[in-house]
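With the sequences and hints as input, model every part of the structure.
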Amino acid sequence: MASVTLQALRKRFLDGTLALNDLSLQIADQEFVTFLGPSGCGKTTTLRMIAGLDNPTDGQILFGARRVDQLTPAARNIAMVFQSYALYPHMTVRRNLEYPLRKRGVTGKERDERIARTAALLKIEPLLDRLPRQLSGGQQQRVALGRAMVRDCDVFLLDEPLSNLDAELRAHMRAELVQLYRRFGHTMIYVTHDQAEAMTMSTRMVVLRGGELQQVGTPDEVYHAPANRFVAGFVGSPAMNFLPGDLVEEAGVLQVRTQPFKVSLSDQRRAELAKGAPSVLVGIRPEDLRLEPGDGPGRVVLVERLGHESIVWVGLGDQRLCCRAAAQAPLAADQSVRFLADANRVHIFDAEGMRRLIGRC
Amino acid sequence: MIRQRIGLALYNLAVWVVVLAIAFPLFWMLSTALKPNDETFALPPTLLPVHPTLEQFQRLLTETPFTTFFVNSVIVGLCTTVLVVSVAVLGAYGLVRFRFPGRELIAHLVLFTYLLPAVLLLLPLYLIISRLGLANSLAGLVIAYTTFALPFALWLLRSFIVAIPIDMEEAAMVDGASRMRAFVEVVIPQALPGIISTSLFTFIMSWNEYLYAMVFINVDTSKTLPPGVLTMLNQNQNVEWALLMAASVLMSVPVLVGFSFLQSHLTRGFGSGAVKG
Amino acid sequence: MARGMRRDQLTGLLLVAPTLLFFAVLILYPLGQSLVLSLHRTSTLTLQSRFVGLDNFRVLLADPEFTQAFINTVIWTAGAVVLQLVCGIGMALLLHGSLVGRSLARGIVLFPYLLPTAVAVLVWRWLFNDLYGYLNYALLAAGLITHPLAWLSHMPDAMISVILVGAWKFFPFVVIAVLARLQSIPDALYEAARVDGASRFAQFRDITLPQLAGVLSIVVLLRAIWDFKEFDLIYLMTGGGPANGTETLPILVYREAFQMLKFGRGAAVSVAMLLFMLLFFLVYFRVNRHLEATGR
Chain F
1 MASVTLQALR KRFLDGTLAL NDLSLQIADQ EFVTFLGPSG CGKTTTLRMI AGLDNPTDGQ
61 ILFGARRVDQ LTPAARNIAM VFQSYALYPH MTVRRNLEYP LRKRGVTGKE RDERIARTAA
121 LLKIEPLLDR LPRQLSGGQQ QRVALGRAMV RDCDVFLLDE PLSNLDAELR AHMRAELVQL
181 YRRFGHTMIY VTHDQAEAMT MSTRMVVLRG GELQQVGTPD EVYHAPANRF VAGFVGSPAM
241 NFLPGDLVEE AGVLQVRTQP FKVSLSDQRR AELAKGAPSV LVGIRPEDLR LEPGDGPGRV
301 VLVERLGHES IVWVGLGDQR LCCRAAAQAP LAADQSVRFL ADANRVHIFD AEGMRRLIGR
361 C
Chain X
1 MIRQRIGLAL YNLAVWVVVL AIAFPLFWML STALKPNDET FALPPTLLPV HPTLEQFQRL
61 LTETPFTTFF VNSVIVGLCT TVLVVSVAVL GAYGLVRFRF PGRELIAHLV LFTYLLPAVL
121 LLLPLYLIIS RLGLANSLAG LVIAYTTFAL PFALWLLRSF IVAIPIDMEE AAMVDGASRM
181 RAFVEVVIPQ ALPGIISTSL FTFIMSWNEY LYAMVFINVD TSKTLPPGVL TMLNQNQNVE
241 WALLMAASVL MSVPVLVGFS FLQSHLTRGF GSGAVKG
Chain B
1 MARGMRRDQL TGLLLVAPTL LFFAVLILYP LGQSLVLSLH RTSTLTLQSR FVGLDNFRVL
61 LADPEFTQAF INTVIWTAGA VVLQLVCGIG MALLLHGSLV GRSLARGIVL FPYLLPTAVA
121 VLVWRWLFND LYGYLNYALL AAGLITHPLA WLSHMPDAMI SVILVGAWKF FPFVVIAVLA
181 RLQSIPDALY EAARVDGASR FAQFRDITLP QLAGVLSIVV LLRAIWDFKE FDLIYLMTGG
241 GPANGTETLP ILVYREAFQM LKFGRGAAVS VAMLLFMLLF FLVYFRVNRH LEATGR
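Protein chains in written order, with this note's numbering: chain F, 1 to 361; chain X, 1 to 277; chain B, 1 to 296.
These are calculated hints, taken from the structure and not from any lab test.
One should not assume that every hint holds.
On the chain X side, residues computed to face chain F include the following (Cβ under 7 angstroms) [stated by the list, open to error]:
#1 Glu39
#2 Ala163
#3 Asp167
#4 Met168
#5 Ala171
#6 Met173
#7 Val174
#8 Gly176
#9 Val186
Note that beta-carbon positions come from the ideal geometry of N, C-alpha and C, so glycine has one too.
What follows is the structure, given as structure tokens:
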């Protein structure tokens, strides 16, 4: 096991695009870190550079105190699960598991024991003599995981390993991966575009966009104190609502005013507010926005009844806001509604949405 | 429903008539090869041999240098295939997976040389091979055949290797293999169907080649089948068509065998221009 | 630039090195030699050559045999390509349906393409034989001709015969390319068209043909290039005769260089061929790039 240090890592592709700009990051030993972002954000590029499959244009990568960025993948002592699983199609499951051991000179009894142990752990013993093409997607996924787990490695890399599974299996594997992590305590680096995976599995998440680092923090921090509009909108589902707003002092109380609602900040929150222009961007999550039937600026467009709750879409001018409501909320399309917001739950950013101005919610 | 059935039956009938018409020359070749000499001059010609006999094949193998030509063709075909395919597997992998200066240029050059007319290289190649002292030798022929077989094999193998996901090599490297080990242990096994069909196509190209073989070889002992059999056509005053058809049948057999193995990869091979046209 | 990067480049170059060596020695060097030879005149007696500049080409342009060979090449190429294309597309459409014994039918149709040209020529010359050939017999029996024809010793019969044999031997290339494309057209397109009320003919015109356009342009170009440089088939069928009637440029090269031992003139003809073919290449690359750019 080892910690991972990225120092001013930069990657420019041959065609000139900047895939990753100046990323510095400390990943502690035995941490489970997720790289999260939309496609093209640089998360996979970063993972591939850590694996040694791509070379950084600038910067350094260290495992513990060992500098590795000039080493071949083979010399880095890593394990990796590929998005496509990349099982060797001409080898049986057993031979697939055996391959990384053979390459590291693990032989004889120890090799057999390790394969048996891994297969038992992942419940793939009955599959050992089959070829990858005879397995279902979920089974292939487990084999890919097994091939990475079968030997000791310094760093465990996972490149969107669950993205080819159906929703049910994905949720199941998510829980299982967390259990495996707790049991073995590998240093894990996990790449995904699925914010739910990042939220549920990692000890810390790294949000990237267009090759630029947006935020590093625990899932809790990232959810409750997103660093900017992008992170706020990317993490959480349905996504946060954004409204232009103003900060107005009235009778010694600081009010946040937007078209549909206004709230007064508590003294404690006000103390955490950074100084800035009065024009701001206000963010509010669907669960923090309440609707009241009656005369108001909003008009209900659609009520999605999910059984345990309802998602309500409300038109406001040419904007559309999303609210979470109770399963049986007495709301219907075309109804006029008022908005009520929780003052402790509003996120305030600068007008461009580049910077968070207030403490965590 | 019934009208549909009748339509389908008529369609099947029509297509098979056309298919059999296309195959008629092949049938005629086989039929003639099984006739005794005098029956080839029968008027009207007999569609099927009246007195089917294998005497033409027997004469071919005992009274003519056909077996020598056949053995020479096999030697040239095997040597060309082994040489060309081993060079092309490395080259195609290098062109597909590595970025280095001039890569695009080489890829274009491969296509360009693949389409180059043989007559353009004929004279200079003849001079080179004579200077190397390889005129009238099978080795000289193998060298000449690389000029069209290598670009072809490169082009074809490239299409097979491009289709192999790069993930597997990367997985192998992460698992501790070096680049070349990953190539040998992961890429080659997966490219194997491609390598086999490229080998078959290359062998067939070499087997069928006429021009270089005719120009470079002037002694009977080193002749390959195509020019060898055609000299049999021009030697005699009275052309023995039954004997020539028997030779044609035997010349076609290896191609037929290769062809039946190639069925599944035919599109690919043809698509990138399987056989020297 | 990182060290790993350069190492990777080096490995790549090493892998390609044997290929490059063969290309340089056996293709590029002879190609250069051809160019040099075309600028020399070689004495047929002493085999000494001397530089004559563009003289060979000047002589060539004034030589009616060269002009004739060029015209013959164009006639042969155009005739063979058109016939291959028509027969190929037709056959592909026929084979695309639900046919009993489809893979056998395909195998039979495709086989002539892999047949040695020498064999194809022997069989057809036997079929074309003026006295005992099956073709004359069949045509006489059907009353289409009144007396046996000497197919290969008269013009334009000889050229027509060669084009026919060329079409028979090479049309499978068109069949398989078109067939492969036909199979990759999603059924949903036809189903959508049927839902929209398109007739069978409208489906062919509005879906099949546009989908085939890309592959057909490549097929036509490749076949044109290959037929343009075809030597074996024509030479073995007619030897260029009767009276140079089917003598194409590749045969002219061979005759000048190896029968008359006029190396310079032979090389000049082959270089002239190369110039024509460069035109084909340019079009080919253009079309290919366009097709790749439009994702077909």
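Tested hints:
no.: 1; hint: Glu39; in the structure: violated, 54 angstroms
no.: 2; hint: Ala163; in the structure: violated, 12 angstroms
no.: 3; hint: Asp167; in the structure: holds, 4 angstroms
no.: 4; hint: Met168; in the structure: holds, 5 angstroms
no.: 5; hint: Ala171; in the structure: holds, 4 angstroms
no.: 6; hint: Met173; in the structure: holds, 4 angstroms
no.: 7; hint: Val174; in the structure: holds, 4 angstroms
no.: 8; hint: Gly176; in the structure: holds, 3 angstroms
no.: 9; hint: Val186; in the structure: holds, 6 angstroms
Of the numbered hints stated above, those contradicted by the structure are hints 1 and 2, listed in ascending order.
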